[in-house]
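Protein chains: 2
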Amino acid sequence: MSNPIRNDAEKILKTLKRNEGKFVSIKEMAESSCLPRFNLYQSIGKLREWGYAIESEKGKGYCLNQTTDLLFSAEIKDGLKTKILGKEIHSYHTLKSTNLLAYKLAETGSAEGTLVISEKQTAGKGRMGRSWFSPSKTGLWMSLVLRPDIPPSKMPGLSICAGLALVQTVQKLFGLEAKIKWPNDCLIGERKFAGILMELSAEIDQVRFAVMGVGINANQKRMDFPSDIRKKTTSIRIELGEKVSRLELLKHFLVGFEKIYLGFVGKGLAGYRQEIKRRSSLLNRGVKVKFGDKSIIGTAVDIDDNGSLVVKTKTGVEAVAAGEVSLL
Amino acid sequence: MSNPIRNDAEKILKTLKRNEGKFVSIKEMAESSCLPRFNLYQSIGKLREWGYAIESEKGKGYCLNQTTDLLFSAEIKDGLKTKILGKEIHSYHTLKSTNLLAYKLAETGSAEGTLVISEKQTAGKGRMGRSWFSPSKTGLWMSLVLRPDIPPSKMPGLSICAGLALVQTVQKLFGLEAKIKWPNDCLIGERKFAGILMELSAEIDQVRFAVMGVGINANQKRMDFPSDIRKKTTSIRIELGEKVSRLELLKHFLVGFEKIYLGFVGKGLAGYRQEIKRRSSLLNRGVKVKFGDKSIIGTAVDIDDNGSLVVKTKTGVEAVAAGEVSLL
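Protein chains in written order, with numbering that gives the first Met the number 0: chain Z, 0 to 327; chain U, 0 to 327.
Read the hints as simulated data drawn from the structure, not as lab findings.
Quick caveat: nothing in here was measured; it's all calculated off a predicted structure.
A portion of the hints provided could be inaccurate.
Intra- or inter-copy, both count: the list cannot distinguish identical chains.
Said to hold, decoys possible - Only pairs whose alpha carbons sit at most 25 angstroms apart, straight line, appear in this in silico DMTMM-like list of lysine to aspartate or glutamate:
1. K293 x D304
2. K103 x D148
3. K293 x E257
4. K289 x D304
5. K258 x D292
6. K311 x D301
7. K136 x D77
8. K293 x D148
9. K287 x D148
Construct the complete structure from the given sequences, taking the supplied hints into account.
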């Protein structure tokens, strides 16, 4: 899992970013990074290969001229205004699945807020063992280690809080009207652009840790999506008509979610319910909800304080904690 | 974790048990166990050391004369009438914690029903990070890997089902009136003799696996317990006045629990509710229930279909999914 070249490059990048637009001598870089010269040259080569514009001049050293939108820890931490989330970052070029690694990190004691992020996932996970299409450098594929002091029964509410933070962020940054599709998707129009996969380890009345996977289609073009999901899927770029900064989106999401997360853990879902309902794609619509081997048909009328979807059926009213919804 | 001497001994034990009371030649043992002679002699030595009465006679071989109450896989499987539970057994002389190993096995794909059992735990786990006193060869310290197709919110019910199976087994085998202390203890009189520690890995609406730890004080004497827990703790031996067969208790519990488990996963808790209520130590008594940073005081009036304890307080009726109960 460790990645020495990337780790070295992170150190050099940090120094170059701190001196953005100015030349930094080889000596200075070697001192601040504690890296031997060979690794230093190798790291600069790698950063250039990855897309960083690094000028060099004999006798003056190296100068970073222009930032990119790559998901390096140094880039994410730069100006990140959170208290907990993203204080520890594990960033990768390629991972099987950010949830998989975050789960392992959580098991071995990683702090609350630890962020695992990768430019690409080769086996991105969706809900119920499904896969999540995670191509390189176009989306945000990330997982957060959370340690909320709540029982497992409250977890559906947390998943919805993440959706709320995300649609609010997308609205604020890009002016796009995004919706929460209970329990774990985010839509623009009727198309999915993001999903949340919550995994947890718990005792019966106490979550030990949760791993919250968030996948956001940021910069895919229509033809980037495999044909079988193209109709139901979209990206922020497609909807907005231009590329967006993934780093900006990520940082704003982390700040927005942190606020809601702390409120939710402290006081529950009630304070967010009206906003969640306002941004729900299902309310007052005919739905079929599958859960376990059961399914019900009716009208989605509410999302309650547990985060359950309340469905009015012919025979009464039923609150469902989580399931698969299709519109009628 | 692997234990080659114990594994070899298991093979020899199996052959000797199959021929109980009869002599088995060295040649036959070597053939049926596929072990070299050195390992064979070593295994017999170990089995004797562990307490097996194995007679030997020149030219005739070895003969197992008398069974013991040791928790070897071969002993547990002998006559075990289950369909799922204990089909795969990992038995140990010493483990840190059976739950810890079972959780690892579950994560790496071990089948439903896999049993981990140890004569002794050096770091036995109780609920909420507490420890569980697990001395050698006096109790049953075990964990089962379960893969129930239920949401995490139903897990408290499963914990109670395990308690029900255990108190029924103790009643049937030893005629002792045992009670379920919601949510996860079993009592004789007001003293605890067993506890259940349920751990789970899940998505928000689907348990991936559960590890059900069961600790049963079978053959401890009063003075075996540390003084700080002596007053609140008991064993079956103390209550019955004689040593019991741990193997018999284990096998009957596995059969009893399997039946309830399959019923619960298929049809829920409703069918067991009356029996659970009848065997509950809390109903119609004044209780204080702590859950999270909240606590309520009232009378325990019901256990509902979710396995929640229903408490009638001054201001109304509240159902608690899991918590810490003390009697008023």
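So, going through the hints one by one against the coordinates:
Both within a single protomer and between protomers do K293 and D304 lie at most 25 angstroms apart by alpha-carbon distance, with minima of 23 angstroms and 17 angstroms respectively. With identical chains, the CA atoms of K103 and D148 are at most 25 angstroms apart both within one copy (20 angstroms) and between copies (24 angstroms). Taking the shortest Cα distances, K293 and E257 sit within 25 angstroms of each other only across copies (24 angstroms), while inside one copy they are farther apart (35 angstroms). Taking the closest pair of Cα atoms, K289 and D304 come within 25 angstroms of each other both inside a single copy (21 angstroms) and across two copies (21 angstroms).
Taking the closest pair of Cα atoms, K258 and D292 come within 25 angstroms of each other only across two copies (21 angstroms); inside a single copy the shortest separation is 36 angstroms, beyond that limit. Taking CA atoms no more than 25 angstroms apart as the test, K311 paired with D301 passes inside one copy only; the shortest distance there is 9 angstroms, against 28 angstroms between copies. Taking the shortest alpha-carbon separations for K136 and D77, only the intra-copy value of 19 angstroms comes in at or below 25 angstroms, while the best inter-copy value is 58 angstroms. Taking CA atoms no more than 25 angstroms apart as the test, K293 paired with D148 passes between copies only; the shortest distance there is 12 angstroms, against 31 angstroms inside one copy.
Within a single copy, K287 and D148 get their C-alpha atoms only as close as 33 angstroms, which misses the 25 angstroms cut-off; across copies the closest is 21 angstroms, which meets it.
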